[in-house]
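J.: Spelled out from the first residue to the last, the chains are:
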Amino acid sequence: MTTGDAIKNNFSKWWITIQISWVKHTAYRLNFFLQIIGPALVFFFVKYNLWSAIYGADDSLVIKGFNFEGMINYHIWAFVVGLVAQGHGSWNLAEDIRLGRISSYLIYPFNFWEFHTASWLSFQTIQMFIAAITLGVIAFFDLLQFPGWNFFLIGVAYTLFISLFWFALQYLTGVMAFWLEETWILRVMLSVVSYFLSGAIIPLDLYPDWLVNILNYTPFPYLVYYPIKIFSGETSSLGLGLIIISIWTVVIALINHLVWKKGIKLYTAAGM
Amino acid sequence: MMEKVGHYWDVYKKFVSTSVSVETSFRTSFILLIFMDLFFFFSSVGSVSFIYDHVANIGPWQKDQLLFFLTFMLMIDNLHMMIFSQSFWEFSFNIKSGQLDYVILKPMNTIFSVFFRHFRASSLFNTPLFLGFLIHYGIKVNLSLFDWLMMPLFLILSLVLLILIEFILSTSMFWLTDGIGINFLRMQMQQLARWPNFIYQGFIRKVLTVLLPVLLIGSGPVHFLLDKNQWQLLATMVLVIFVLVIILNWIWKVGLRNYDSASS
Chain S
47 MTTGDAIKNN
57 FSKWWITIQI
67 SWVKHTAYRL
77 NFFLQIIGPA
87 LVFFFVKYNL
97 WSAIYGADDS
107 LVIKGFNFEG
117 MINYHIWAFV
127 VGLVAQGHGS
137 WNLAEDIRLG
147 RISSYLIYPF
157 NFWEFHTASW
167 LSFQTIQMFI
177 AAITLGVIAF
187 FDLLQFPGWN
197 FFLIGVAYTL
207 FISLFWFALQ
217 YLTGVMAFWL
227 EETWILRVML
237 SVVSYFLSGA
247 IIPLDLYPDW
257 LVNILNYTPF
267 PYLVYYPIKI
277 FSGETSSLGL
287 GLIIISIWTV
297 VIALINHLVW
307 KKGIKLYTAA
317 GM
Chain D
3 MMEKVGHYWD
13 VYKKFVSTSV
23 SVETSFRTSF
33 ILLIFMDLFF
43 FFSSVGSVSF
53 IYDHVANIGP
63 WQKDQLLFFL
73 TFMLMIDNLH
83 MMIFSQSFWE
93 FSFNIKSGQL
103 DYVILKPMNT
113 IFSVFFRHFR
123 ASSLFNTPLF
133 LGFLIHYGIK
143 VNLSLFDWLM
153 MPLFLILSLV
163 LLILIEFILS
173 TSMFWLTDGI
183 GINFLRMQMQ
193 QLARWPNFIY
203 QGFIRKVLTV
213 LLPVLLIGSG
223 PVHFLLDKNQ
233 WQLLATMVLV
243 IFVLVIILNW
253 IWKVGLRNYD
263 SASS
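So the protein lines, in turn, are chains S and D.
The first sequence begins at 47 in the working numbering and counts up one residue at a time.
The second sequence begins at 3 in the working numbering and counts up one residue at a time.
Be aware that one or more of the hints could be misleading.
As the list claims (entries may be wrong) - Distance windows between CB atoms, simulated:
no.: 1; chain 1: S; residue 1: Asn-113; chain 2: D; residue 2: Trp-252; range: 48 to 58 Å
no.: 2; chain 1: D; residue 1: Trp-91; chain 2: S; residue 2: Lys-307; range: 23 to 33 Å
no.: 3; chain 1: D; residue 1: Val-162; chain 2: S; residue 2: Ser-282; range: 49 to 59 Å
no.: 4; chain 1: S; residue 1: Val-183; chain 2: D; residue 2: Phe-205; range: 15 to 25 Å
What the hints assert, rightly or not - Derived DSBU-like pairs (lysine-lysine); straight-line CA-CA distance at most 35 Å:
no.: 5; chain 1: D; residue 1: Lys-98; chain 2: S; residue 2: Lys-307
no.: 6; chain 1: D; residue 1: Lys-16; chain 2: D; residue 2: Lys-98
no.: 7; chain 1: S; residue 1: Lys-110; chain 2: D; residue 2: Lys-208
no.: 8; chain 1: D; residue 1: Lys-255; chain 2: S; residue 2: Lys-70
Don't read these hints as lab results, they were simulated from the structure.
Here the structure is a predicted model, which means the values were calculated and not measured.
Every residue, glycine too, gets a C-beta built ideally from N, C-alpha and C.
The whole structure should be built from the sequences, with the hints applied where relevant.
T.: Listed below in structure tokens is the structure:
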């Protein structure tokens with residue numbers, strides 16, 4: 047087999063896995079809506095109502111540079127960033143390990159990580175589609191301040207890059223199933239901490255200065271707060287964000303590799 | 003009657019002891035659960051505190067009043083996590099796998115054997131801390147002796163209302179191939195209830211007070227504790243509890259009749 051044939055063959059495996067994942071993700075549409083889209087929608091709905099109550103009827107109120115419109119815009123972009131970057135849960139990953147289903151990946155000519163990365167890519171396309179529709183609806187009702195296509199496209203690219211970081215992190219929590227009975231706890235912990243520290247609940251401008259100074263040394267602000275800044279037309283943090291997220295993604299990918307190598311030695315193929 | 007209560011109490015003690023044995027055999031998960039609850043608690047309280055650094059009021063409430071409401075709701079969350087949460091997830095799995103057969107065949111009330119089966123001891127570790135915060139903010143909003151005496155009753159009433167709504171929602175799993183999404187719906191309802199009723203406006207507030215009465219869970223008792231003239235929501239809450247008990251008994255029977263064991 048030539049190198050070209052090998053690449054073509056491998057590509058077809060990825061493509062078919064992506065297609066199968068599409069079918070899997072959308073097979074139980076109600077569950078998909080309630081698990082993935084519902085929480086993001088409710089989160090946005092609560093924040094919209096909360097800020098409406100805070101600003102009340104006072105059009106002149108400005109909180110740390112945010113008037114009501116600016117605050118709602120911030121949360122619309124937070125909704126989009128959350129949907130595209132953080133949606134994938136890697137639920138199946140831990141289950142595959144715990145229930146002994148990874149035995150097949152050890153035999154098939156398609157690795158465990160390849161299968162789950164292809165699944166993630168498939169999931170991302172669905173999320174992008176949903177985010178596009180959501181943005182279309184919001185734009186149709188003229189609720190969105192749109193600074194320009196260049197910022198939008200940079201924002202989308204950056205958010206997709208963050209989703210790679212999230213995937214690496216979720217993958218790590220998944221492979222921890224070699225040691226842990228329940229990995230969902232780690233996933234929930236990660237999401238609770240990152241929601242709070244990334245500016246997904248309230249803009250980091252409202253946090254105490256000492257806390258923001260500390261957070262700037264962590265990846266958290268670059269996951270939600272700075273992407274929103276980009277979508278809002280401010281790209282000064284782009285370079286630093288890319289560097290920090292790249293470093294963290296590479297480090298986590300290396301840890302994933304090591305954890306997998308160590309974990310597979312413990313694997314007992316439950317149910318075989 | 004007392005004999006029956008005693009019997010159920012004995013069974014519940016067994017449920018608790020087996021749950022504790024299972025949970026403590028996975029020590030890392032056990033500890034992580036404690037930290038997960040702590041992160042959630044402090045991030046919720048922190049978010050509200052940071053907002054109040056920049057505004058004097060949210061709706062009619064100042065910082066201490068809203069934090070009292072929030073700690074009240076987080077206390078309900080803690081009790082819910084401890085006593086019921088796990089059973090909802092097991093319920094959806096048991097319906098899907100057909101293992102519910104073994105649960106409903108037991109000579110007990112089926113609602114009891116389904117929803118009281120799993121106890122999460124890790125949440126118990128955080129209870130004193132969460133209670134401490136509730137008492138702290140209770141003192142800050144100047145609760146009277148009467149209020150403190152009523153507090154345990156109100157906590158129980160709020161928990162009862164929350165679980166009744168969730169039990170009723172969960173019966174929809176009988177009609178679904180995979181009911182796990184309903185558990186996410188439950189969690190979103192909890193998120194809606196975690197804020198006082200006045201942040202929602204107009205039609206939405208009416209829906210969330212009457213049709214899907216999640217706003218009564220916290221707003222009913224806390225509004226009354228802060229202002230005795232606001233007893234209407236609390237009275238509605240008690241009434242709604244009675245109505246929901248009747249609805250649950252009916253819909254649960256219909257759901258059970260519809261249950262088609264996956265394993266048989």
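J.: Tell me if the beta carbons of Val-183(S) and Phe-205(D) are separated by a distance inside 15 to 25 Å.
T.: holds (20 Å)
J.: Starting from the hint 49 to 59 Å, judge whether the C-beta atoms of Val-162(D) and Ser-282(S) obey it.
T.: holds (53 Å)
J.: Does the Cβ pair Asn-113(S), Trp-252(D) satisfy 48 to 58 Å?
T.: Because 50 Å falls inside the window, the suggested range holds.
J.: Does the Cβ distance between Trp-91(D) and Lys-307(S) fall inside 23 to 33 Å?
T.: Holds, at about 32 Å.
J.: Please work out if Lys-255(D) and Lys-70(S) have their alpha carbons no farther apart than 35 Å.
T.: holds (32 Å)
J.: Can you confirm whether the C-alpha distance between Lys-16(D) and Lys-98(D) stays at or below 35 Å?
T.: With Cα atoms ~25 Å apart, Lys-16(D) and Lys-98(D) stay inside 35 Å; holds.
J.: Lys-110(S) and Lys-208(D): Cα distance at most 35 Å?
T.: Distance of about 33 Å is within 35 Å: holds.
J.: Below or equal to 35 Å on CA atoms is what counts here, so check Lys-98(D) against Lys-307(S).
T.: With a Cα-Cα distance of about 34 Å, the restraint between Lys-98(D) and Lys-307(S) holds, given a limit of 35 Å.
In terms of the numbered hints stated before, the structure departs from none.
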